[in-house]
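Take a look at the letters that make up each chain.
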Amino acid sequence: MELGKPLRRVVVEPVEPRKHASPASPKDPVARPCALPTTPTR
Amino acid sequence: MRAPDYADALTGWRVWCVVDTPSGLRLASVIHDHVWEVGAPAVAACRERHSAPHETCLCGIHAARDPAPALPYLRGRNDPGTVARVLGRVLLWGTVIEHEQGWRASHARPLELWLPRALDGLGARYDAAECAAVAA
Chain A
36 MELGKPLRRV VVEPVEPRKH ASPASPKDPV ARPCALPTTP TR
Chain B
14 MRAPDYADAL TGWRVWCVVD TPSGLRLASV IHDHVWEVGA PAVAACRERH SAPHETCLCG
74 IHAARDPAPA LPYLRGRNDP GTVARVLGRV LLWGTVIEHE QGWRASHARP LELWLPRALD
134 GLGARYDAAE CAAVAA
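Quick note, the sequences are listed as chains A and B, same order. Residue numbers for the first sequence follow this note's numbering, beginning at 36 and rising by one. Residue numbers for the second sequence follow this note's numbering, beginning at 14 and rising by one.
Keep in mind that the hints were calculated from the coordinates and are not lab data. A portion of the hints provided could be inaccurate.
Over the 12 Å line for every Cβ pair with chain A, so calculated as not near, a few chain B residues [claimed, not checked]:
(1) V32
(2) P35
(3) E61
(4) H75
(5) N91
(6) D92
(7) P93
(8) G94
(9) T95
(10) R117
Simulated coverage check for chain B against chain A, where a stretch passes if three residues somewhere in it have a Cβ under 8 Å from a Cβ of chain A [what the hints assert, rightly or not]:
(11) 17-23
(12) 102-111
(13) 118-127
Cβ coordinates follow ideal geometry from the N, Cα and C atoms, glycine included.
Construct all of the structure, not just a fragment, from the sequences and the given hints.
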C-alpha cells in the first residue's frame, strides 16, 4: 500500500484484550460485518 | 524503556482477504502468505530478520489514514481458497513507523469490517466462525 514518505518512529501503548470490543457483540472482539458504504467515512 | 508517544491504539484502514481454512474463515494478508489468528493480535515479522517495522524497510503491518489508498486492494487475482476481499479498520500499536498517508506497525488487530451486501451470507458465516472461535 502506498503510504508516502516515512515521518517518524513512535511507540504506541499496547492494546488490552477486548478493550475495544463492541458493546453490541461482547463475545466478538472483531467488529460485526455490515454493508460496504458507498462513501466511506472515518 | 521509552515512554509511549500515544496512549491508545491508532486506527487505520486496510483490506484483507477472507480465506477458507480447515479452521473456518479467516482474515489474511492480501500481499503476504499470512493468516490472522482469531482473538490474537497480528505481529509483524520481516524476512530480513530485523525487528519489524524498520525505518529502512517496507516491513510491518500496513494501514492507511484514509480508506482511499486501501480501496485498490479490493480488486485483484485471488489465490484458491480466497472467498472475498474486505475493507476494514484496524487497531495498530507497539512500534509504529508513521508515514504521510498511514502507518507500519508491529502489532495489529481488526476493529471493523465492511462486507458488500452481495456477501451478506458470507458475513453471517464469518461472524459465526469468529464467535465460535472466541468462545471456545
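Checked hints:
1. V32: Given that every Cβ of chain A is farther than 12 Å from that of V32(B), nearest at about 15 Å, it holds.
2. P35: holds, 20 Å
3. E61: holds, 16 Å
4. H75: Check fails; 5 Å does not lie beyond 12 Å.
5. N91: Nearest chain A Cβ is 17 Å from N91(B), so the label holds.
6. D92: holds, 19 Å
7. P93: The claim holds: P93(B) sits with its nearest Cβ about 23 Å from chain A, beyond 12 Å.
8. G94: For G94(B), whose nearest Cβ neighbour in chain A is about 19 Å away, the distance exceeds 12 Å, so it holds.
9. T95: holds, 16 Å
10. R117: Not fine: 7 Å to the nearest Cβ puts R117(B) too close to chain A.
11. 17-23: It holds: at least three residues are needed, and the segment 17-23 of chain B offers 7 whose Cβ sits within less than 8 Å of chain A.
12. 102-111: This one holds; 9 residues, not fewer than the three required, reach chain A with a Cβ under 8 Å.
13. 118-127: holds (count 8)
When the structure is compared with the earlier hints, violations turn up for hints 4 and 10 and for no others.
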